[in-house]
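Asks: Listed below, chain by chain, are the residues.
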Amino acid sequence: MKILLMGNPNVGKSVIFSRLTGVNVIASNYHGTTVEFTRGTIHFNQKKAEIIDVPGTYSLVPTTKAEEVAAEMLKEGDIIINVIDATNLERSLNFTLDLIESGATIIVALNIWDEACHKGINIDADKLEKMLGVPVIPTCALTGEGIKELVGRLNEAKSREVEFKDRWGEIGNIVENVQKVTRRHHTPLERLGDASVIPATGIPIALVILFLSFWLIRLIGESLIGYVFDPLFEFLWTPLMMQISDLLEGGGFLHNLLIGQLIEGKIAYMESMGLLTTGLFVPIAAVLPYIFAFYFVLSLLEDLGYLPRLAVLMDTVMHRVGLHGMGVIPMMLGLGCNVSGALSTRILETRRERFIAMTLLAISVPCMAQIAMVAGLVGKYGIKGLGTVFFTMFLVWLGLGLLLNRIIRGESPEIFVDIAPYRPPHPKVVGKKVWMRVKWFLREALPFVLLGVLFVNILYTFGIIQRIGKYTAPVVTSLFGLPEEAVGALIVGFLRKDVAVGMLVPLNLSLKQLIIASVILAMYFPCVATFAAMLRELGIWDMLKSVGIMLLATAGVGSLLNLIL
Amino acid sequence: MNDGISLIRVRTGEDRRVVRIMGGYGIIRKLNLLGIKEDRNIKKVSSQPMRGPVVIEVGGSQVAIGYGMARRIIVEAEA
Numbered sequence: 001m002k003i004l005l006m007g008n009p010n011v012g013k014s015v016i017f018s019r020l021t022g023v024n025v026i027a028s029n030y031h032g033t034t035v036e037f038t039r040g041t042i043h044f045n046q047k048k049a050e051i052i053d054v055p056g057t058y059s060l061v062p063t064t065k066a067e068e069v070a071a072e073m074l075k076e077g078d079i080i081i082n083v084i085d086a087t088n089l090e091r092s093l094n095f096t097l098d099l100i101e102s103g104a105t106i107i108v109a110l111n112i113w114d115e116a117c118h119k120g121i122n123i124d125a126d127k128l129e130k131m132l133g134v135p136v137i138p139t140c141a142l143t144g145e146g147i148k149e150l151v152g153r154l155n156e157a158k159s160r161e162v163e164f165k166d167r168w169g170e171i172g173n174i175v176e177n178v179q180k181v182t183r184r185h186h187t188p189l190e191r192l193g194d195a196s197v198i199p200a201t202g203i204p205i206a207l208v209i210l211f212l213s214f215w216l217i218r219l220i221g222e223s224l225i226g227y228v229f230d231p232l233f234e235f236l237w238t239p240l241m242m243q244i245s246d247l248l249e250g251g252g253f254l255h256n257l258l259i260g261q262l263i264e265g266k267i268a269y270m271e272s273m274g275l276l277t278t279g280l281f282v283p284i285a286a287v288l289p290y291i292f293a294f295y296f297v298l299s300l301l302e303d304l305g306y307l308p309r310l311a312v313l314m315d316t317v318m319h320r321v322g323l324h325g326m327g328v329i330p331m332m333l334g335l336g337c338n339v340s341g342a343l344s345t346r347i348l349e350t351r352r353e354r355f356i357a358m359t360l361l362a363i364s365v366p367c368m369a370q371i372a373m374v375a376g377l378v379g380k381y382g383i384k385g386l387g388t389v390f391f392t393m394f395l396v397w398l399g400l401g402l403l404l405n406r407i408i409r410g411e412s413p414e415i416f417v418d419i420a421p422y423r424p425p426h427p428k429v430v431g432k433k434v435w436m437r438v439k440w441f442l443r444e445a446l447p448f449v450l451l452g453v454l455f456v457n458i459l460y461t462f463g464i465i466q467r468i469g470k471y472t473a474p475v476v477t478s479l480f481g482l483p484e485e486a487v488g489a490l491i492v493g494f495l496r497k498d499v500a501v502g503m504l505v506p507l508n509l510s511l512k513q514l515i516i517a518s519v520i521l522a523m524y525f526p527c528v529a530t531f532a533a534m535l536r537e538l539g540i541w542d543m544l545k546s547v548g549i550m551l552l553a554t555a556g557v558g559s560l561l562n563l564i565l
Numbered sequence: 566m567n568d569g570i571s572l573i574r575v576r577t578g579e580d581r582r583v584v585r586i587m588g589g590y591g592i593i594r595k596l597n598l599l600g601i602k603e604d605r606n607i608k609k610v611s612s613q614p615m616r617g618p619v620v621i622e623v624g625g626s627q628v629a630i631g632y633g634m635a636r637r638i639i640v641e642a643e644a
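If you read the sequences in order, they're chains A and B. Take the first sequence: its position 538, counted from the start at 1, is 538 in the working numbering, and no numbers get skipped. Take the second sequence: its position 30, counted from the start at 1, is 595 in the working numbering, and no numbers get skipped.
Bear in mind the hints are in silico, worked out from the structure with no lab data behind them. Be aware that a few hints might be false.
Here are a few chain A residues that face chain B, going by a calculated C-beta distance under 8 angstroms [to be verified]:
(1) N88
(2) Q261
(3) L313
(4) R409
(5) E414
(6) V417
Positions of the beta carbon are idealized from the N, C-alpha and C atoms, including for glycine.
Build the full structure now, drawing on both the sequences and the hints.
Replies: Next up, the structure:
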């Protein structure tokens, strides 16, 4: 038995899904957060039933990829829970009538009920139930109100055989009969919402928000490192590691593998390259604090509903690089992790846009793991180091985007997006989301980091890096001005960019070399996880094209930097 | 029927009744889905410079649409 959750974008399907199944899924206050199906199970009539969270759609005639999958999915559902937005009844009902006409077995969850009441919208749910001919249950998914009743009445879900001749007339009739609106003044939050999309006020607001975000991410990240993780490793982990080191008599294969090289008789967490030292320190003490900080800030912005407003402000710029405003969402998510960035390109309508977005993402949007490591590497040079790296990345993003928009045939469609009202972020929801993303990072990244460190050890033990260094010297040394050993970082960069950046530490590079190495490490190839995600989204042929662009761009930018810095 | 003007020419913050939508079935349908249709009142919340998108308030919620689409929405010349 299959139960589908369907409805317009951003009506809270994912929150209801979490409530029903206990399975946590990422939900945000903007259109298109769910681009894939999430499955879970519930007990219903003493049997297990599969429940699927379907991406939002406005109608059964699909216009985007996410909507296409939704329409396709409908055929498989035994019961459809149609989630509708009480604050936007008219728009929601069009999809409800689509579903009723299709003959599906339906129960309606009238969600965001509490906000509708606050807004002065009063809906007679019983009357709506009579007029639609299917059960209607008011819910407030965020607090869990009405969810029990929804489950309790699941078996009352009904299928009807009707055709609505005058669709909009029918909807107008229903709305007029069940809904009473008492108009009130705009709330401060609503006024702030309007001000965020008016250029004269919106651009300053955007700058303030971006500045505050960076400031907060740095503050949280640095504090966590300085007050929590550094002391933790220093005072708890190091003594333990030194004991193991002594036990292994300070050398030998196993020592090198677990503890790594001692630098002047001590463990240097960034350089030792042991599984238990660098392998744990990099993901946990160097990267995780920034991952946490980034996702905390991103989740606040998401749940507030800022991202679609940023999309409106950025629309004109994004058109220049072949995307429309919503293209800022994959870019923002990509700053956290390129994998989730690549997956979120599904909110873009055309294949062309998705190709451009993913290629730009892979080349010129470094992920937080990499940013954290680069910050550690060149941060001490201040704006001259970090500023140069990120300004270069931005120029690459812009230049490459302009170029791709020119050479790839076709046009980008116009923005067409619902702008949800600002909603105060719910602390519990934000906390849960950050926790899920941090957990995801640890599960996905930790194994690859350890694998990367293991790989480094094998490469060095067998002298492979030195040998490859000789072959690649014409490019790495002549073109980019880096020492031969830097090729080791490029090899490991296929696995994890953070470990790769760490490998630059013992090379004693000059600032110029550090900048070049950081930039080409970001550009030349995505990490294996991003590569897999892109391959799945783009297919082999477009992936090859994208890789070709990456290599060309890296060669060009790397040698240019070597010339001008 | 020449009493209407394009939404592009309406000032930010003004509320106008939609007279018609110039365009094919696809565009009319897409806008209808968001509640933008003939005889409905819509408010222009903002517009971006250089043919940027327009934010419209309709039925208590807001949508952003591209310049090209906004241009095809014809509203009453006078509120």
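Asks: Please go over all the hints and tell whether each is borne out by the structure.
Replies: Structure-based check of all given hints:
1. N88: holds (5 angstroms)
2. Q261: violated (56 angstroms)
3. L313: holds (7 angstroms)
4. R409: Because about 19 angstroms separates A:R409 from the closest Cβ in chain B, which is outside the 8 angstroms limit, the hint is violated.
5. E414: holds (2 angstroms)
6. V417: Holds. Min distance 5 angstroms.
Taken one by one, the earlier hints fail for this structure at numbers 2, 4, listed in ascending order.
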